[in-house]
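Undergrad: Here's the letter readout for the chains.
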Amino acid sequence: MRKFILRRFIQLIPLLIGISLITFFVMHMAPGDPTALFADPSIKPEELARIRVNWGLDKPVIVQYFIWLKNAAKLDFGYSYISGKPVVEEIFERLPATVLLMSISFFLILLISIPVGVISAVKKGSVFDNLFTVVSFIFMSIPSFWLALIFMLVFSLKLGWFPPFGNIVLPCAVMVISGLAGITRYQRASMLEVLNQEYIKVARAKGLPEYLVIYKHALRNSLIPIVTMLGLSLPDLFGGAFIIETIFAWPGMGRLGVSAVFSRNYPVIMGITVFTAVLIVFGNLLADIGYAIVDPRIRYAEKK
Amino acid sequence: MLKKNKLALSGLIILATLFILAVFAPVIAPYNPNEIIEDHIAAPSLAHIFGTDDLGRDIFSRLIFGGRVSLSVAVIAVAVSLTIGILLGCISGYYGGILDEVIMRFTDIMLSFPTIFLILAIQSVLTPNIFNVMVVIGATSWMGIARLVRGEFLALKEREFVEAARAIGCSDLRVIFRHILPNSLPPVIVAGTLGMAGAILTESALSFLGLGVQPPMPSWGNMLMDSQSYLLDAPWMAVIPGLIIVLAVLSLYFVGEALRKELNPKE
Numbered sequence: 010m011r012k013f014i015l016r017r018f019i020q021l022i023p024l025l026i027g028i029s030l031i032t033f034f035v036m037h038m039a040p041g042d043p044t045a046l047f048a049d050p051s052i053k054p055e056e057l058a059r060i061r062v063n064w065g066l067d068k069p070v071i072v073q074y075f076i077w078l079k080n081a082a083k084l085d086f087g088y089s090y091i092s093g094k095p096v097v098e099e100i101f102e103r104l105p106a107t108v109l110l111m112s113i114s115f116f117l118i119l120l121i122s123i124p125v126g127v128i129s130a131v132k133k134g135s136v137f138d139n140l141f142t143v144v145s146f147i148f149m150s151i152p153s154f155w156l157a158l159i160f161m162l163v164f165s166l167k168l169g170w171f172p173p174f175g176n177i178v179l180p181c182a183v184m185v186i187s188g189l190a191g192i193t194r195y196q197r198a199s200m201l202e203v204l205n206q207e208y209i210k211v212a213r214a215k216g217l218p219e220y221l222v223i224y225k226h227a228l229r230n231s232l233i234p235i236v237t238m239l240g241l242s243l244p245d246l247f248g249g250a251f252i253i254e255t256i257f258a259w260p261g262m263g264r265l266g267v268s269a270v271f272s273r274n275y276p277v278i279m280g281i282t283v284f285t286a287v288l289i290v291f292g293n294l295l296a297d298i299g300y301a302i303v304d305p306r307i308r309y310a311e312k313k
Numbered sequence: 076m077l078k079k080n081k082l083a084l085s086g087l088i089i090l091a092t093l094f095i096l097a098v099f100a101p102v103i104a105p106y107n108p109n110e111i112i113e114d115h116i117a118a119p120s121l122a123h124i125f126g127t128d129d130l131g132r133d134i135f136s137r138l139i140f141g142g143r144v145s146l147s148v149a150v151i152a153v154a155v156s157l158t159i160g161i162l163l164g165c166i167s168g169y170y171g172g173i174l175d176e177v178i179m180r181f182t183d184i185m186l187s188f189p190t191i192f193l194i195l196a197i198q199s200v201l202t203p204n205i206f207n208v209m210v211v212i213g214a215t216s217w218m219g220i221a222r223l224v225r226g227e228f229l230a231l232k233e234r235e236f237v238e239a240a241r242a243i244g245c246s247d248l249r250v251i252f253r254h255i256l257p258n259s260l261p262p263v264i265v266a267g268t269l270g271m272a273g274a275i276l277t278e279s280a281l282s283f284l285g286l287g288v289q290p291p292m293p294s295w296g297n298m299l300m301d302s303q304s305y306l307l308d309a310p311w312m313a314v315i316p317g318l319i320i321v322l323a324v325l326s327l328y329f330v331g332e333a334l335r336k337e338l339n340p341k342e
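Protein chains in written order, with our numbering: chain E, 10 to 313; chain B, 76 to 342.
The set of hints was computed from the structure by calculation and includes no laboratory data.
Among the clues, some could well be false.
Claimed, not checked - Between beta-carbon pairs, the in silico distance windows are: (1) B:118 - E:302: 58 to 66 Å; (2) E:175 - B:307: 13 to 21 Å; (3) B:110 - E:108: 46 to 54 Å; (4) E:271 - B:318: 26 to 34 Å.
To be verified - Straight-line C-alpha distance at most 27 Å; calculated DSS-like pairs for lysine-lysine: (5) E:133 - B:232; (6) B:336 - E:132; (7) E:167 - E:132; (8) E:210 - E:133; (9) E:210 - B:336; (10) B:336 - E:133; (11) E:132 - B:81.
As the list claims (entries may be wrong) - One-sided and incomplete, this derived list gives chain B residues near chain E with beta-carbon spacing under 8 Å: (12) 151; (13) 230; (14) 276.
Glycine included, each C-beta is placed from N, C-alpha and C at the ideal position.
Same shape as in the complex, but just chain E (with noise of 0.2 Å):
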């Protein structure tokens, strides 16, 4: 087991270079550069190369990389060109909201996907299957902004039952409905998968009573590639959060990038690309030792 997690650290150091690699050079087409802050006027020519030799714009591109990549590594994603406070800071100072948001929203999606897609799959073309069905496409084809807009405009200004910006509730509901119907038909095909398996079968042959081969031969092993596609719904989610949150006014990380964005805020928008992008790696990392945990073969197999 040791070997495996070492295995898959050493793995992810190509992935963190290309993380790097393409969010610098994406932000390095940008126009200008950092130096066009200072537009003041009064600023001597010489007082901006100055500048510039310090900042070590002066240096070829792949040195100002190596020069970032040092930095990111200690977290220094430099400073802010809207507030001049350095950009780890003002993300940890908005990370907290972001993940109240996404915790909240996750443990929902989990609450009602499994029950929902585990009864799909035991009562499989029922009118409760066929109806999951359907929701699930439409919940799917609902565009997240949209609903924010159309749940703020009848929850809030309407009904009034919760404040149109600040408040939790309404964008963790539509954290959930954007999310739900992906999990759930993944736990429906998972438990689907499950019930087909030989094991199932001689436990029906010697006379299980069918709740119990359900509930403790099925429901177990179909939940195992549940913790996969949980670390792959990651980058939904954070993507989800970014426009959810700027809608709502909510005061997590990805209205800071969003609002980066409109204003060119480059420091900014590079650290919080880095930082969600390593964020959702390492995630993926910590869901694939779980499932190498719950289950032994994925080991073995990877010895060979």
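Once you've looked at the hints, dock chain B against the given chain E.
TA: Leaving out everything else, chain B in the frame of chain E:
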């Protein structure tokens, strides 16, 4: 296939209608989409069945012209993503080795970004316009296709017909594009259909935020841009374009799902 599946049939009919409306927009739309013809935010009426927006433009006409924009963005974005995905998938699956390793790691890297924010970050560097939107959506959504094509190639390249093709002296290019690729297309067609649904959603989110298709050119997404400020006074400005997006995406999902079942009878 369609006789059995009423959902897919209705999906096809809706898609066909939307495409016809888009193609014949100038003939069908009752008003010029950019012409200010009414007091602003007039409620739906006989003259303006979906009402008018904050600038007094006819929403029905803008939806029809917006369909032109949103559907072409989706079609071209998917074409870009299929081209990249199929090419990388072919190379990766056919040649294997170090090329495969590099391409698959690159795919993993691209999958580690929250796509919508990566697109926003790219759009913050570029000037947002319709052309950039198409390319950027395509360039950030090819990963699933690449993995799919690679998987098909890995399975198919061991088959006898491929060996036979090589034995009679076909070049690599001919084996890849004439013999293996056509056999791996069915799941790719399904992924392309679902990809188009995804592209419509992405375009709408981008344009809603103001970083996609730029006004005054209407798209389904940018019609929603100003609607948040008029939610109470003109709810139709938010409700109607959103419903059209849901309808288009849902239809694509129904058609894609039916295709998947048809092409993969195992299930």
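Undergrad: Please go over all the hints and tell whether each is borne out by the structure.
TA: Do the hints match the structure? See the list:
At roughly 59 Å, the beta-carbon separation of residue 118 (chain B) and residue 302 (chain E) lies within the given 58 to 66 Å, and the hint holds. Checked against the hint of 13 to 21 Å, the pair residue 175 (chain E) and residue 307 (chain B) passes, with Cβ atoms roughly 19 Å apart. The hinted window of 46 to 54 Å between residue 110 (chain B) and residue 108 (chain E) holds, with their beta carbons roughly 48 Å apart. Checked against the hint of 26 to 34 Å, the pair residue 271 (chain E) and residue 318 (chain B) passes, with Cβ atoms roughly 28 Å apart.
Taking the CA atoms of residue 133 (chain E) and residue 232 (chain B), the gap is about 36 Å. The hint is violated against a cut of 27 Å. With a C-alpha separation of about 19 Å, the suggested pair residue 336 (chain B) and residue 132 (chain E) falls inside the 27 Å cut-off, and the hint holds. Only pairs whose Cα atoms come within 27 Å are accepted, and residue 167 (chain E) paired with residue 132 (chain E) is rejected, the gap being roughly 39 Å. A distance of roughly 17 Å separates the Cα atoms of residue 210 (chain E) and residue 133 (chain E); the hinted pair therefore holds under the 27 Å criterion.
Taken as a hint, the residue 210 (chain E) and residue 336 (chain B) pair is honoured in the structure, with Cα atoms around 26 Å apart against an allowance of 27 Å. Proposed proximity of residue 336 (chain B) and residue 133 (chain E) is supported: the alpha carbons are some 15 Å apart, at most 27 Å. Among the hinted pairs, residue 132 (chain E) with residue 81 (chain B) is consistent with the structure: their alpha-carbon atoms are about 22 Å apart, no more than 27 Å. The interface hint given for residue 151 (chain B) is broken, as the beta carbon of that residue sits about 20 Å from the closest beta carbon of chain E, more than 8 Å.
Given hint, residue 230 (chain B) at the interface with chain E, is violated; its Cβ is 19 Å from that chain's nearest Cβ, farther than 8 Å. Evaluation of the residue 276 (chain B) hint against chain E yields a held restraint, the C-beta minimum of about 5 Å falling below 8 Å.
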